Amino acid sequence: MKLEILGSGCANCDKLEALTREVIAELGIADAEIGHVTDYAEIMRYGVMSTPALAIDGKVVLTGKVPSKADLTTIVTSALA
Amino acid sequence: MSTDAVTSAGRTGGAPSLASADETAAAREPDATAQTTPSPASTPAIPACACDTAAGHGAAAGRGSPGGSGRASRWAARVPLWLWLALAVGAWGVAWHWLAPFIDWLAYDVLRLGDGRFGSAVAFFIYDVPKVMLLLVAVVFGVGILRSFFSPERTRHLLAGRRELVGNVMASGLGIATPFCTCSAIPLFLGFVEAGVPLGVTFSFLIAAPMINEVALVLLAGLFGWQVAALYVGTGLFIAITAGWIVGRLGMERYIQDWVRDIRMGESASEEKLDWNGRVRYALQAVRDIVGKVWLYVVLGIAVGAAIHGYVPENFMAGIMGESAWWSVPAGVLMGVPMYSNAAGIIPIVEALLEKGAALGTVLAFMMAVIGLSLPEIIILRKVLRWQLIAVFVGVVAAGILGVGYLFNLVL
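Residue numbers (our numbering), protein chains in the order written: chain A, 220 to 300; chain B, -7 to 404.
Just so you know, these hints were derived from the structure itself, not from any lab. Incorrect hints may appear among the rest.
Said to hold, decoys possible - Partner residues are not named here, just some residues of chain A that face chain B (Cβ under 10 Å, in silico):
hint	residue
1	LEU225
2	ALA230
3	VAL267
4	GLY283
Said to hold, decoys possible - Anything over 12 Å on all C-beta distances counts as not near chain B; from chain A, calculated:
hint	residue
5	MET220
6	GLU241
7	ALA244
8	GLY247
9	ILE248
10	ALA249
11	ASP250
12	LEU299
Stated by the list, open to error - 27 Å max Cα-Cα, derived DSSO-like pairs, lysine-lysine:
hint	chain 1	residue 1	chain 2	residue 2
13	A	LYS221	A	LYS234
14	B	LYS265	A	LYS278
15	B	LYS123	B	LYS285
16	A	LYS288	B	LYS285
17	A	LYS234	A	LYS288
18	B	LYS285	A	LYS234
19	A	LYS288	A	LYS278
20	B	LYS123	B	LYS348
21	A	LYS288	B	LYS265
22	A	LYS234	A	LYS278
Remember, it's a predicted structure, so these values are computed and weren't measured experimentally. Note that the Cβ used here is the ideal one computed from N, Cα and C, for glycine as well.
Bound conformation, chain B alone:
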């Protein structure tokens, strides 16, 4: 069923598009297409993809930093960066420490929120928004530092010529550490294939990269504890490794679109070495980009969570999404695949569902389906993969998510 939708959507995506039809691009197009195979390579229409990340830092990200420019550099010139960083970390710690007492005071002494539905919904909201924001900033910064050590080019190099299994494990891990955005899924796929990274290993990367999301990881840790966060990462890695391995075993190389084989990749621009100042700047940029982009979703998500918290009766979800309802896991996955939300927005909903008696496995399955399998990514991949391979990819990953959902409902 979903594959039908995918094929037709892929075709509309491939239809001659109006997007970015400026004269120069149009002028270029004929000679570009003449050199390679006809259409699919040059379809300009890409469905909206939520690139949270300031993806690359390869060729030139470091470039701006030494001189910098404008206000930021005059600022930074006077006070060393590490001092700013220390101050920021200190302020963060103080804010984190005093958050709960302060919000209690605000909610019950100043606003005099009662125990009623409205009161508990508002209290939930004003407590969670600053808490989630603080966590978000800290985690995005930390992951930004980690990512400044990795780039798609480097990952490609690390994975080239890896055997299966070892390759699947490495690719899944690198999927977490490498800056990745759905928009870049195609060049990345092409680069991997061209470098001789096995198909299954490439898939391990493509599954892990969106599914194990740093924003989701930290929010889960902050809201439900490290155990749940560890479960999320562990099962996400497990799905990426096994699903990629299965795709590799099935030997589906012939379902890659033909034009992909003719791709020859040029020499990558040499990467500039970042020093620690550069890494910190890179991470700060990531904080600006990501937090700037997702804060609204976070607030909206928490608002929905707060409404469920205040207005949905206790254990309301137990009947629908509890452990006894066997069908709730597949239903959650089926609902989750076409839905596309960034991780930050989905977590507060997850929180509220759990609190009202939904089973952890069901909720995790729903969440992974939402962020791990997304329609935009599927449509983009349609350009390099035939539908048979897409169907296998979606099927294997969905089956993995299902298995994880049932497993947790059984074990916990």
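Bound conformation, chain A alone:
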């Protein structure tokens, strides 16, 4: 699966990326590819107006906040299903 953090390098965006890596590692997902989209034009193409956001396989699943670890785990696992 492909996970993309959408956000232009603000503190919260980096936090979200770190948290995502943590969750992926804990879930033991091997084929995860994590990217960080900082280009605004690209971010807008996802229809996102508040950062940080997270897209899984091209679909936006989270906008405008750094979720709790438990919430992020729920989001990632339900995207896997």
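Starting from the known structure of chain A, arrange chain B on it as the hints suggest.
Chain B only, in chain A's frame:
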């Protein structure tokens, strides 16, 4: 003068940055920039912005709630949320009611604080900290509930195709109700422009959103009464509406950075409908985030306020910041623009200044300049706006704040 600083700061912000240079981002960058115009769109360095808020709740905030997870859900499963809420409201009411007598008892019977400088400073501190905290929790929760009805996407939809004036008024009001954080100013701006929201209307939103702050509103109401709080909201709206309208009238669309025009926005993820449980959870999350973030500033701000209260002689400020000193309003605004503090921290200082004889208009102008016009936001906006437009934006808003300051000094 300030524009020079802005341009150079903007440039440093735009310089190739080390921030978040992890391999994947670096690997992505070339193809992303190749698709669009060169640099400015992809500058990763963003100055620290104080995002108080758990901004969005769009795509997925509600997602975690039904199942929830961990301890919180096992807890909530046993006792219905409304019961917790009722208990919390009750406890809050009791605490609020008994606060003054309790602190009096604590200060004068237990700690035996005298009337001296130290005593009155400490009394000020131990009275204001719990009072401000109680107010803060209540207001942030209430605003959290209100915000759960709004999102940037919805606001964009509401504002698209609005004419000026009506649009300016709506945008200013929505600026209060929509979750907003300086970090998201760019995507929000891009989304508005792309949806055809007029530039002036967009500015009304961008001015109102940070300037009319729920934390400031409640603290003003609690510490100085509803009249002052209403003045603050009323004048804030007035500035946002007129400044936005003026920017629109000036027809400065050509001073938007070129790459902005090429932005095409994708379909927004569909928003999940929140039920009342979800709204309450959203508001509770906001309380956790915001109070967790600002409590230290509040305590520090109150400590400064207490020191001024105890140690600065009565009417000391009257000469410097009183009504007779005409230059104090512009001085307050000039000082306030580069300063950046969240609203919660600035209010206790405001309180102490007022008490020592500073004029209300001067103090309000200073406060609005601090929270309404901030250097980080200006630097961020530099990526989408040319400096001419930034200068007009800062100038018009500063002029509005000046006008409000003089008006209050005259009227009150």
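Against the structure, the hints come out as follows:
The criterion of a C-beta within 10 Å of any C-beta in chain B is met by A/LEU225, whose closest approach is roughly 9 Å, and the hint holds. Interface restraint check for A/ALA230: the shortest CB-CB distance to chain B comes to about 7 Å, inside 10 Å, so the restraint holds. Taking 10 Å as the C-beta contact cut-off toward chain B, the hint placing A/VAL267 at the interface holds, the least distance being around 6 Å. For A/GLY283, the interface hint holds, the least distance from its beta-carbon to any beta-carbon of chain B being 2 Å, beneath 10 Å.
Against chain B, the non-interface label of A/MET220 holds: every CB pair exceeds 12 Å, the least being about 14 Å. For A/GLU241, the requirement that its beta carbon stay farther than 12 Å from each beta carbon of chain B is met, with the minimum near 14 Å. Distance to chain B confirms A/ALA244 as a non-interface residue, since its nearest Cβ pair spans about 15 Å, more than 12 Å. For A/GLY247, the non-interface assignment is confirmed: its Cβ lies about 18 Å from the closest Cβ of chain B, beyond the 12 Å cut-off.
Look at A/ILE248: its CB is around 15 Å from the nearest CB on chain B, clear of 12 Å, so calling it non-interface holds up. At the 12 Å boundary, the C-beta of A/ALA249 stays outside the reach of chain B, the nearest C-beta of that chain being 16 Å off. Annotated as non-interface, A/ASP250 keeps its C-beta farther than 12 Å from every C-beta of chain B; the closest such distance is 15 Å. Look at A/LEU299: its CB is around 14 Å from the nearest CB on chain B, clear of 12 Å, so calling it non-interface holds up.
Restraint check for A/LYS221 and A/LYS234: satisfied, since their Cα atoms lie roughly 18 Å apart, inside the 27 Å limit. With a C-alpha separation of about 18 Å, the suggested pair B/LYS265 and A/LYS278 falls inside the 27 Å cut-off, and the hint holds. Proposed proximity of B/LYS123 and B/LYS285 is supported: the alpha carbons are some 18 Å apart, at most 27 Å. For the hint pairing A/LYS288 with B/LYS285, the CA-to-CA distance comes to about 18 Å; that is within 27 Å, so the pair holds.
For the hint pairing A/LYS234 with A/LYS288, the CA-to-CA distance comes to about 11 Å; that is within 27 Å, so the pair holds. Between the alpha carbons of B/LYS285 and A/LYS234 the distance comes to roughly 15 Å, so the proposed pair stays at or under 27 Å and holds. Taking the CA atoms of A/LYS288 and A/LYS278, the gap is near 20 Å; set against the 27 Å cutoff, the hint holds. Pair hint B/LYS123 plus B/LYS348 holds up; C-alpha atoms about 21 Å apart against a cutoff of 27 Å.
A hinted pair counts as satisfied when its Cα atoms are at most 27 Å apart, and A/LYS288 with B/LYS265 qualifies at roughly 22 Å. Simply put, A/LYS234 and A/LYS278 have alpha-carbon atoms about 20 Å apart, close enough for the 27 Å limit, and the pair holds.
Consistency note: the structure conflicts with none of the earlier hints.
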